[in-house]
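J.: Now for the letters of each chain:
Number of protein chains: 2
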Amino acid sequence: MLKQQRVVIENVSPQLQGGAFFIKRVVGEEVRVFADVFGDGHDVIQVEVLIKHEKSKQFSAVRMVHLGEDVFESAFTVEKQGFYDYKIQGWIDHPLNWQHGIIAKLNDGQKVSSELLDGVQYLKYLLKTVPAKSKRYLERAIYIFGDETYYKEAIGVATSEHLHHLFLEFPQRTLANTSKTYQVYVDRKKASFSTWYEFFPRSASLEHGKHGTFNDCERLLPRVAEMGFDVLYFPPIHPIGEVNRKGKNNATKANEGDSGVPWAIGSKKGGHKSIHPELGTEAEFRELVAKAKKMGIEIAMDLAFQAAPDHPYITEHPEWFRKRPDGTIQYAENPPKKYQDIVNFYFESPAYKALWTELLNVTLHWVKCGVTIFRVDNPHTKPYFFWNWLIAEVKKKHPDVLFLAEAFSRPKVMQQLAKQGFSQSYTYFTWRVSKDDLIEYVTELTQSEMKEYYRPNFWPNTPDINPYHLQGANDAMHLARYALAATLCGNLGIYGPVFEYLVSDALPAREEYLNSEKYEVKHWDWTKENKLTYVIGLINAIRKEHPSLQQTNNIRFCALENENLIAYHKWDDNRSDETLIIINLDSHHVQTGMVQLPMDVLGMYHGQSIQLYDLITNNGYIWNSEWNYVEISPSLPFHIFHIRK
Amino acid sequence: MLKQQRVVIENVSPQLQGGAFFIKRVVGEEVRVFADVFGDGHDVIQVEVLIKHEKSKQFSAVRMVHLGEDVFESAFTVEKQGFYDYKIQGWIDHPLNWQHGIIAKLNDGQKVSSELLDGVQYLKYLLKTVPAKSKRYLERAIYIFGDETYYKEAIGVATSEHLHHLFLEFPQRTLANTSKTYQVYVDRKKASFSTWYEFFPRSASLEHGKHGTFNDCERLLPRVAEMGFDVLYFPPIHPIGEVNRKGKNNATKANEGDSGVPWAIGSKKGGHKSIHPELGTEAEFRELVAKAKKMGIEIAMDLAFQAAPDHPYITEHPEWFRKRPDGTIQYAENPPKKYQDIVNFYFESPAYKALWTELLNVTLHWVKCGVTIFRVDNPHTKPYFFWNWLIAEVKKKHPDVLFLAEAFSRPKVMQQLAKQGFSQSYTYFTWRVSKDDLIEYVTELTQSEMKEYYRPNFWPNTPDINPYHLQGANDAMHLARYALAATLCGNLGIYGPVFEYLVSDALPAREEYLNSEKYEVKHWDWTKENKLTYVIGLINAIRKEHPSLQQTNNIRFCALENENLIAYHKWDDNRSDETLIIINLDSHHVQTGMVQLPMDVLGMYHGQSIQLYDLITNNGYIWNSEWNYVEISPSLPFHIFHIRK
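Residue numbers (the working numbering), protein chains in the order written: chain X, 58 to 702; chain H, 58 to 702.
Treat the hints as calculated values from the structure; they're not laboratory data.
None of the values given here were measured: they were computed from a predicted structure.
No copy labels: a pair is met if it fits in one copy or bridges any two.
Derived lysine-lysine pairs resembling DSS-like cross-links, with alpha carbons at most 27 Å apart:
1. K508 x K237
2. K452 x K114
3. K394 x K209
4. K380 x K60
5. K60 x K454
6. K395 x K162
7. K192 x K181
8. K579 x K395
9. K237 x K60
10. K348 x K330
11. K330 x K350
12. K585 x K575
Could you put the whole structure together from the sequences, leaning on the hints where they help?
T.: Structure (C-alpha cells):
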C-alpha cells in the first residue's frame, strides 16, 4: 500500500493495550498525553491532540509541545461524564519549515529572493483562512515578496513573530497522519472520592434480639451522615434461602431461628428482585434510598449473582443451572471446599443470553429504585466479558451508576475486572501493614499503568476479613489504619460497627470474625460514641475540605529513617491544595524521626520556610529546613498537615 | 456485545505495538512466546500457541506451560523464510477440570459416584477423536463409570495418568478464545550473521593514477574471501554527475579531472540503472557478482535515491522534483548547509506513484543482475512508509534480498526504519568506546524490545566516519575495535583499506578523513598484508566456526573490576557453542584483572572446573574457580575462548 504520509506517531500514552480498553478519569481531572512523533529528514513538524466528547460532532485540537528526543506532550481536562475520544495528529509543517529555512539562510548571510517567492504560496493559503483583520497584512506581504525593491521589508515580514503565529494558528496540515483513536471514560467524582460505611440492616434494631428493618436503618442515617460517610453499603437485602441454610459460625446445619447468610439469595419469598420480608417492603427501601440521598448518602446495594437452592429461578429457569447426569444441581464448590447453601449460575448455558439479560434486568430494577452504587460480590467467579457487557449496558443510560468489584484474588484477575469496566476495586491494603509494604503497594497503584484504570478502595476490614493486626488491637492501631486508608486513597470504607467498637474476636488462627454477623443477627448499641467515632468523623471532615485527599495518584513518599513512621505529600491536579501526612505505625510507643520535605515537588528553594497547619489539633508549625523533627504518640497516631507556602 | 468466552489473553510477547510491525528472526532461530492467560473462577485452563507459515494452510499448535502468576510460556523454531503468523489460544478445560475435582474430592474422602457419571460426557468426546488403540480403554471406562459395582476400578481410571494424557492430547477447546494474530518475518541467516568489507571499485586498479574497473575488483575477490569476508560492499557504481561536481576534500568547485562523489548519481551517461563507464559494463558487473558468489561473497550495492543536477530524470520527469516559482530546482540543503551536487526527489509530488514505482524498478533491475544485498544511503531522509512499501514489494518475490539502513540519526528514527522492514541497521557502535558505554549500548540492543526487530551491524569506521579514537591510533586500537565488533555483533563491517593500513589522517577537529576517497580516486597497495590483515582473517575464521558468535542477542557481560578490560559470555539458541571474550581497551598498556564467570548462565556449580581454549593462540586453560586472573597485552589485545565444560 502506498501511504504518502511522512510523519510517524507511536507510543501514545496513556492508553491500555493499544486501545483495547478505555482509561478512566472523573469530571475535572486532567489527561496528560505523550507521544513519540517524528518525520523523515529535517523538516519542522507540528503535533496536536484531537479530543471529542461522545456527544460532540467535532474534534477540538490542542497543540503539543516538543520535550526533546521526539517526545511531544500536552494535556486536556475532561469536563463531562461519558466517553471522550482522543488521538494524535502530526504533519510536516511546510510554512513553518519555510520560515525556519529563511531565518537559517539569512543568519548564514545568504540571499533569499527565490525563497521569498516560494513563500507566497503559504501566504495565499493563509489568506483564505485568517480572519479579516489579518488579510491586509498578508496581501501586502504577498505583494512585497515578489518585488526586489521591497527586499528588506519582505525579509522583515518573512522572519516576523507575527507571521510565525499566523502559521501556528492556521496550519495547512499537509498529508497529516493520525494515530489510532483511544478512549477515556469519565465518571462523576464519586468514582474516585467516596467514604463507605457498611452495616447489616438486619442488625439495625434498637432492641436486642429483634430483626432490624429499613425503618431502623433510617433512624441511623443522621449518625452515618454526621460521621462524614457518603456511601452506606448493605449486604444483600433479598429473601434468604431456607434449603441448606447455614447456621451460626458457618455451621452446615442451621438451627431453628437461624437467619442464614444474606448472600444465599432466594427462597419461596422471592429472588433477586425481591426484598427480605423482615426488612420491609420495596416501597420502604425506595423511601430509605431517597431519604439517605437527601442527607448526602448513597445506599450501595450488593449484587451477588448466585442462588440459594430454593431460589425461584431454579424451578422457573432450570436451563440457567448446570444439571449433572443424575439430575442434581451441583452446589458451589472449589474442591474440596463446599458452599452447600449456594448454587452458581451456568454462564456457559446454551440459554446464556436470557440469563445475562435477566441479570441486567435485576440490576436495572434496583437502579429504578434509586440505587446508584453497586458493590459486586465475587465478580471474578463470573466471566469477565459478562461484566464488560452488563456494566456498559447499565452506564449507557445511567452514567451515574458505579460498580465496586469485590475480588480479593490474583493481581491480574483484579486488574482485568477494572479494565472491563468496574468503577472501583477492593485492594490488598487490608493486608499491607509494614511501611515498606505500604509504600511498595501504593507506588504500584499510583505510578504503574494501574493508575489509568484501577480505582482502589481501601478497606481496613470487611465482614469477610478480620485481619491479624486488628485482632485484639487497640484504638491506636484502628486509628492508624483508618488514617492510612483515608489519606492514601480517595476511596475507603469500613465494616463499621465492629471497627468502631473494636470487636475483633476471631476464629482461631484465621482472619475471620468469631460469631460473624454473616451468619446471625447482631445487636449494636448505636447510641455509643467513642474516640474512634469522633476521630473518624474529624478525618472524614478534613477529606471533604481538602482536594489533595480526594484523589489517589498525586503522592510522593518522604524520606524518614524510622520504619515505624510513614510520611507522604499529596496534592490535587491544580495544586490548589497540598497536604503532608505522617503516621505512627507503632500502636504502643511514641516514635520520633527526621522527615525530609520533598523540596522539588513542593517547588521550594533551600532556606524557604513553610507553614504546616495540623488539621486535627489546629496547631501551626513553621518549618525552616529540609529535614524536620517529628514525634508522634499512639494516643493520636498521625498528623494531617495542610501546607501553606 | 455478548461474548461468552471465559479466558482472557493479554500481554503477548514478543510483539511490537500490538502487532503493528512484525518481529524478525532468521532460519533456525527460536521464538520464545509469553502471555498472561487466565479464566474466571478456579477452573483448570489450557493454553497453546498456534503457528502457521504463510504458505501453509493450517495452524499447528504447541501447548504452553504455566510459569506461575498467570504467565504461560512456550517456544517454536522457525524453519522457513517468509512470514509466520502466531497467536495464543486458551480455554477452560472441562475434562481436566473434572479430573482435578475428582482427585481433590477423593483426597478429601468424598464419594464421587455422581462425578463419575458426569465424566462420561468427556470420555464420549474422546472416543470420537482418539486413535483406534485407545477406543477399547475408553469404552470400558464409560461402562464402569455408570456402574457402582466397578466403583474402585472406575476411580482408578478417572484419576489415571493415562486418561490425563488423553485429555491433554485431545482437548475439547470449549469456547476457546484467541489473541490477535502477530507476525514474525524470517530471513535467511545472512541477515543476522555477515562480515562486510567496503572498498571503492574506482580505487581498485593496480596502477597508480588509473581508474579502477570491475576487472580490477575481480582480481581482489580471492583476497577478500581469504580474509573471511562474505559481503563486499561498493559505494554507488553509476555515472557521476558533471554539473556542480565536487572537488577533492569536498571543494565546491571541481578541477579538471576530478572524479566527483559516487553518491551524486546521474549524468548524460545515465542514471540509477546505468554503470559508470570507467568501471565497465553491466555485463562485466553481472559477471563480477556471479564470480564473487562462487567464492562465497555477495556484492552489496548502494541504493542512493537522489540525483545529480544533470541526471536524466530531471529532464525526463521534472514532476519528480520540486520546482520553485522561479523555475529552479532547489539542491539538497539543511539550512545553512548546502549539497550543491545533489537534488532530492520530491516524495510528496502529485506524481509520487510513478516516482515510487520507478525507484522500485531501479532496485529490481539490480536484483535481476544478481544483487541480493543493498546498503541504503540515508534512508531517514525519505519517507518511512516508502521504505515499508519498497522493501515489502521486493521481498515478496525475492525473499533473499537484504537491506542495510545507513541512518546515523536519532534513536527513534533508526528504530523506525528497522520496524518498517530494513533487514540490518548501522549503529552507534562507531562512537561507543569506553567499557561502560559499550555495555550500556549492547544491553539496550540485546535486552530491550530492539532485539526483536533491530539487527545491528557494527562498523568501526566508514568513509563518512573517521572516529577520533582511530585517528593516529596504533594497531592495538584497531584490533580491539575489530574484535569488539566481531564478537559483540553478528554483523560487522569495515571500510577496508584505510582500516587495514591504518590510514587515519583527519580533517582538523572533525571525524572525517583527510583527502577522503569520497572525492577522489585512491591507490592502495593491495598486495600488502600486515598484522591486521592476518588477525582479522583469524577472527573471521573463528566466527565461521562458532555459532555463539553468529548471533547478537545471547550475551552476558561478566564482572571485572578493571575499566580497561571488558568480558562477556556468548551462546547460541541451542547452547551447542559457548564462548568467553575478554578484550583490553587500553591500546598502550598491559591490563590485568579478575574476571567472574557467570556461573548461573553457564549452569555451573561452585568448584566445577571448565576448560577454556584460546581460539587465536590455541592455548588451553583450566579454570577451577568463579573468579580468575587475566592479563592482556596490547600486542594481541583480546582473548576469544571456547568454553568446554
